Amino acid sequence: MTGEEIIEKVKAGLPDAIQDTALPQGDAVIFVAPDCLQKVAAFLKDDPSLNFDYLSDVTGVDYLLEEREPRFEAVYLLYSIDHSHSIRIRVGIEEENPSVPTVSELWKGALYPEQELFDMFGFHIEGHPKMERLIMPKDWVGHPLRKDYPLTTEAVTFSYNRDFKSELVKSKPPTR
Amino acid sequence: MSVTEQGLLERDKDTMTLNMGPQHPSTHGVFRVILEMDGEIVKTAEPEIGYLHTGIEKNCENKRYIHVIPMTDRLDYLNPPGNNLAFCLTTEKLLGVEIPERAQSLRVIMCELARIASHLVWLGTHALDIGAMTVFLYCWREREMVLDLNEEVSGVRMMTSYIRVGGVAKDATRPWLDGIRDFIDYFPAKVDEYELLLTNNPIWIDRTQGIGVLSREEAIDWSLSGPALRASGVNWDIRKSHPYSGYEKYSFDVPVYQGGDIYDRYRVRIEEMRQSREIVKQAIEKLPAGDYKTPDNKVSLPPRETLDTSMEALIHHFKLVSEGISVPKGEAYVPIEGPRGEVGFYIVSDGTNIPYRVKLRAPSFMAIPGIWELTYLASQEYSCPT
Amino acid sequence: MGLIEDAAERVGTEVNNLKLNVQDAVEAMAHEYAGSLYDSILTTKLGKVVGWAQKNALWPATFGLACCAIEMMAMANSRWDAARFGAEVFRASPRQADLMIVSGRVSQKMAPILKQIYDQMPEPKWVISMGACASCGGIFNNYSIVQGVDRVIPVDVYVPGCPPGPEALLYGLIKLQEKIMAEAGTEKAKKRAA
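Residue numbers (my numbering), protein chains in the order written: chain A, 1 to 176; chain B, 177 to 562; chain C, 563 to 756.
Please keep in mind that the hints were generated in silico from the structure rather than gathered at the bench. Every value quoted in this text rests on a predicted model; they were computed, and no experiment measured them. The reader is advised that the hints may include incorrect statements.
In silico EDC-like links for lysine to aspartate or glutamate, alpha-carbon gap of 20 angstroms or less [as the list claims (entries may be wrong)]:
#, chain 1, residue 1, chain 2, residue 2
1, A, Lys130, B, Asp526
2, A, Lys130, B, Glu224
3, A, Lys45, A, Glu8
4, C, Lys677, B, Glu224
5, A, Lys45, B, Asp358
6, A, Lys138, B, Glu222
7, B, Lys505, A, Glu67
8, A, Lys45, B, Glu393
9, A, Lys130, B, Glu499
10, A, Lys39, B, Asp397
11, A, Lys45, B, Asp397
12, A, Lys108, B, Glu222
13, B, Lys505, A, Glu8
14, A, Lys147, A, Asp82
15, A, Lys108, B, Glu233
16, B, Lys474, B, Glu447
17, A, Lys147, B, Asp526
18, A, Lys147, B, Glu233
19, C, Lys677, A, Glu66
20, B, Lys505, A, Glu66
21, A, Lys108, B, Asp397
22, A, Lys108, B, Asp526
23, C, Lys677, C, Glu650
24, A, Lys108, B, Glu499
25, B, Lys416, A, Glu154
26, A, Lys138, B, Glu224
27, B, Lys416, A, Glu67
28, B, Lys505, A, Asp20
29, B, Lys416, A, Glu8
30, B, Lys505, A, Asp53
Which chain A residues stay away from chain C? Per the calculated CB distances, all over 10 angstroms, these [unchecked claim]:
#, residue
31, Gly3
32, Asp46
33, Arg90
34, Glu95
35, Ile135
36, Trp140
37, Thr152
38, Glu154
Heads up, the beta-carbon is just placed ideally off N, CA and C, and yes, glycines get one too.
The task is simple: from the sequences and hints, build the whole structure.
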C-alpha cells in the first residue's frame, strides 16, 4: 500500500485515536497521544491489510530548541514484512514526568530501544519489565540526549560545534 | 560400586553462573554477557552493553552535515560505506536531490565490497573462535585486497568517507576498476575454499547445526534483520523490498534458509558473499558514463576550473565551504541493507546546516536482546552432541 | 722514470705483499679457531639480556575495543605478520600478557574495567595507545568518551592515526622495543621488575 492508502485506512479504522497525519516525502506518518498508543499499535499489527508485524526502531526526539509543545516525542518505525510497506508513529510527550506506554507486548524487539529511551531521554516506559539504565553506567546522572545536557565536559580550542555549547561548557565544571 | 550404581550421574545438575566479558577471549567487540551454564550448555544469557557507547548521535547534532559523514564511518566500522550511504540517502531525501547514475553505481560497488569485507571478518573470527585458525588467515588475505581497493579510491583502508551527500567523493580511477575486475575473477574460488574447509566439516556442523534456533515468528518479533532474519526463513531484504541506489537494476538472489540456527546463518552469509560479487560484477560491466556527483551546486562543489570564470560558481563554492549544506525543515528515515541487517538514519532537520536530531537504527543493537529468547529455547530443545 | 717513482713503486709492492701475508695469516687463524666464538665470554648486565629477551617476546592482551581492533587483528594476520617481531601471541587472560594495546575509544563505562585489566597484568608491562581516540579522544569530544587513555593508565607509545594502519602499529611496536632496550639495565627497569 502507498502512504496515502495506509493513512486513509488507519483514519477509517481509528477515527478518535489519530491526532494528525502527514506524508513527508511519501512516508506515512501518524501522530498519536501516549494514552492511545497501545490501541493504535494493536490495530496496526492486527489489521490483516496493514499487518505491521515488524518493529524496526523506537527513538526519541527532544524539541527543546524548537520551542514547541509538547517538548518530547517518541517515534516508532514499523514495517509489514508481507506487504513491504512502512509507517511512522510520532507520540508527543509532556515535559513534566515524561511517560509513554510500552509496546513490547506486541513486538518484543521494542524492549531494548524502550530501555534506551529511558536511559537517553528519561522517559518512563509504563509496563516495561526492566526500567534501568542500559547503555550508560548504572550510577550516571542525567539523560545525555536531552538538548539541555552538555555535549562535552572539556573545552577545546577549536570547534565547529554550535556556539551555545561553549556556554554550557563554561557553566558546568569539569568532572575531574 | 560403579559410578552409575552410586547414582552420581542422576544427581540434579547444578548450574554455574559465568561472567563473559567485557574482555573475553573473542573480543571482537566489547560486550558482556552473564551466562547460566549447565555444563557446556548455556541455559540463560543476560547481555550487558554500553561499553563502547560513543555518543555519536549527540556529536552529530552539533556538526554540519558534511562533518557527520566521518562520524558515520566509525559507527559500524566494518561497513563504513553502508553507513555513509544511509546517512547520505536520508539527507538527500530531505534535500530532494537526484543522484547521477554513475554515482549510484559507484556507491553500490563500494557497499557490496564492504559487505564482502565485513562477512570475511565475521567468517574468520567465527571460525577462529571454534578453533579453525586457517580460515581466519585465509579470510584476512582476501579482506586485505578489498582494503587495498578502498585505499586506491579513497586514500584510506577502512574509514573511506567515500560516499558524500550528492554523489561520491571523487571519480573511479582506472587502477581501482582494474583491481576490482581482478578481484571478482579471483574471489569465487576462495569462497569455495572456505566452504571446502567448513561446510561439511564434522566439527563445524556439530558446533553450529541445531544451535541457537530462532523460528520465523520469533525472529520477526525480536526485530532481527539481515542474515539472521533470512536464516529463519523470512524473505526480507531492503535491497529488494525498498530498493535504493538503483538496486532494482541488478539481478541477484536473496538467500533464504529455513533452519534458523547458526549453521543456516553461516550459509546465508556465504551465499551473500557470492551474490555481492555478482552485483559488483554487473555494476562494473554496466558502469554508466557521466557525473560522479550531482551538478546541483547548492549540494556539491562546482568544478574547480569554473571558479576562475564564473562568479556564481565562486559564490556557491564559498557558501558550501564556509557554511555547508542547508537542509530544509522536516524529518526522514531511509533504511539500507547493511552486512548485519537494516541500517537506517532518522534525521530531523530544523532548516539549518546542522542536523537537529540524528538517530541510527543499528542492526546489532536491535538483535542483541534476541539472545534471551535464543538461550531460553536452546535450554529447552538442544542437547549436547556426544 | 725517476728514482723517486721507482722507489715508491717498490715500497708499494712491499706493502702489498705484507698485506697479503697478513691476510693469509688471519685466514689461517680463522680457520684454526673456527667455532671458538661459542667458548668466548661476553660481559654485560643481566638486565640488558633480560630486556633483550623481553623486547622480542611481547605478548599482547586481547583487548580490542573499536575500529582500531580490526587493524590490530590485521597486524597479527598473514599479510603484516607481527610474528616477525615476536608479538603475535595474543593472550585472552591479562595474567599472561605483558603488552596492552588499547585499540580504540575508551568509554566512561569501560574505563574502570580497562584499569582493572591493566592492574591484573604482571610486571613488567607496557601499554601502546593505538589511534587518535585512545590517545586523546579523537573526534569524539563528548560526554561518553574518556579524552585519552593516559588519564587512566600510563602509556609508553602513542600511535597516531584514525585508525592507524597495521604498518603504523608495527612501527609503534618497534619503537616500544627500542624503548625497552634503552631502559634495560637502568634504575627504571629495576623498579619495573621489583
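Results of checking the hints against the structure:
1. A C-alpha spacing of about 34 angstroms is found between Lys130 of chain A and Asp526 of chain B, which places the hinted pair above 20 angstroms, so the restraint is violated.
2. At most 20 angstroms may separate the alpha-carbon atoms for a hinted pair to count; Lys130 of chain A and Glu224 of chain B meet this at roughly 13 angstroms.
3. Taking the CA atoms of Lys45 of chain A and Glu8 of chain A, the gap is near 16 angstroms; set against the 20 angstroms cutoff, the hint holds.
4. For the given pair, Lys677 of chain C sits about 19 angstroms from Glu224 of chain B by alpha-carbon distance, which is consistent with the 20 angstroms threshold.
5. In summary, the hint linking Lys45 of chain A to Asp358 of chain B is not supported, as the alpha carbons are separated by about 48 angstroms, beyond the 20 angstroms threshold.
6. Distance restraint check for Lys138 of chain A and Glu222 of chain B: the Cα-Cα separation of roughly 16 angstroms lies within the 20 angstroms cut-off, and the hinted pair is therefore satisfied.
7. Using a Cα cut-off of 20 angstroms, the hinted pair Lys505 of chain B and Glu67 of chain A holds, with the two alpha carbons roughly 15 angstroms apart.
8. Between Lys45 of chain A and Glu393 of chain B the CA atoms are separated by roughly 13 angstroms; this keeps the pair inside 20 angstroms, and the hint holds.
9. Between Lys130 of chain A and Glu499 of chain B the alpha-carbon distance is near 44 angstroms, which puts this suggested pair outside the 20 angstroms criterion.
10. Distance hint between Lys39 of chain A and Asp397 of chain B is fulfilled; the C-alpha atoms sit about 18 angstroms from each other, no more than 20 angstroms.
11. Simply put, Lys45 of chain A and Asp397 of chain B have alpha-carbon atoms about 11 angstroms apart, close enough for the 20 angstroms limit, and the pair holds.
12. Between Lys108 of chain A and Glu222 of chain B the alpha-carbon distance is near 15 angstroms, which keeps this suggested pair within the 20 angstroms criterion.
13. Between the alpha carbons of Lys505 of chain B and Glu8 of chain A the distance comes to roughly 25 angstroms, so the proposed pair goes past 20 angstroms and is violated.
14. Simply put, Lys147 of chain A and Asp82 of chain A have alpha-carbon atoms about 38 angstroms apart, too far for the 20 angstroms limit, and the pair is violated.
15. With a CA separation close to 24 angstroms, the supplied pair Lys108 of chain A and Glu233 of chain B exceeds the 20 angstroms bound.
16. Only pairs whose Cα atoms come within 20 angstroms are accepted, and Lys474 of chain B paired with Glu447 of chain B is rejected, the gap being roughly 41 angstroms.
17. Distance hint between Lys147 of chain A and Asp526 of chain B is fulfilled; the C-alpha atoms sit about 14 angstroms from each other, no more than 20 angstroms.
18. At roughly 12 angstroms between alpha-carbon atoms, Lys147 of chain A and Glu233 of chain B fall within 20 angstroms of each other, so this suggested pair holds.
19. Proximity of Lys677 of chain C to Glu66 of chain A is assessed by CA-CA distance (about 42 angstroms); at most 20 angstroms being required, the pair is judged violated.
20. Under the criterion of a C-alpha separation no larger than 20 angstroms, the hint pairing Lys505 of chain B with Glu66 of chain A is consistent with the structure, at around 11 angstroms.
21. At roughly 6 angstroms between alpha-carbon atoms, Lys108 of chain A and Asp397 of chain B fall within 20 angstroms of each other, so this suggested pair holds.
22. Among the hinted pairs, Lys108 of chain A with Asp526 of chain B is inconsistent with the structure: their alpha-carbon atoms are about 33 angstroms apart, more than 20 angstroms.
23. Simply put, Lys677 of chain C and Glu650 of chain C have alpha-carbon atoms about 23 angstroms apart, too far for the 20 angstroms limit, and the pair is violated.
24. About 43 angstroms separates the Cα atoms of Lys108 of chain A and Glu499 of chain B, which puts this hinted pair outside 20 angstroms; it is violated.
25. Of the supplied pair hints, the one linking Lys416 of chain B and Glu154 of chain A is violated, its CA atoms being roughly 46 angstroms apart against a limit of 20 angstroms.
26. A C-alpha spacing of about 11 angstroms is found between Lys138 of chain A and Glu224 of chain B, which places the hinted pair at or below 20 angstroms, so the restraint holds.
27. For the proposed pair Lys416 of chain B and Glu67 of chain A, the alpha carbon gap of about 40 angstroms is over 20 angstroms, so the pair is violated.
28. Distance hint between Lys505 of chain B and Asp20 of chain A is fulfilled; the C-alpha atoms sit about 18 angstroms from each other, no more than 20 angstroms.
29. For the hint pairing Lys416 of chain B with Glu8 of chain A, the CA-to-CA distance comes to about 26 angstroms; that exceeds 20 angstroms, so the pair is violated.
30. A distance of roughly 30 angstroms separates the Cα atoms of Lys505 of chain B and Asp53 of chain A; the hinted pair therefore is violated under the 20 angstroms criterion.
31. Every C-beta of chain C lies more than 10 angstroms from that of Gly3 of chain A, the closest at about 36 angstroms, which supports listing it as non-interface.
32. Once the 10 angstroms rule is applied to beta carbons, Asp46 of chain A is consistent with being away from chain C; the minimum gap is 40 angstroms.
33. A cut-off of 10 angstroms between C-beta atoms confirms that Arg90 of chain A is not in contact with chain C; the least separation is 26 angstroms.
34. With 10 angstroms as the threshold on Cβ separation, the claim that Glu95 of chain A sits away from chain C holds: the shortest Cβ distance comes to roughly 21 angstroms.
35. The non-interface label for Ile135 of chain A is inconsistent with chain C: the shortest C-beta to C-beta separation is roughly 8 angstroms, within 10 angstroms.
36. Some Cβ of chain C comes within 10 angstroms of the Cβ of Trp140 of chain A; the nearest lies about 8 angstroms off, and the non-interface call is violated.
37. Against the 10 angstroms criterion, Thr152 of chain A falls within the reach of chain C, whose nearest CB is about 5 angstroms from its own CB.
38. Residue-level check failed: Glu154 of chain A sits 6 angstroms from the nearest beta carbon of chain C, not beyond 10 angstroms.
Going down the numbered hints, you'll see the structure goes against 1, 5, 9, 13, 14, 15, 16, 19, 22, 23, 24, 25, 27, 29, 30, 35, 36, 37, 38, while the others check out.
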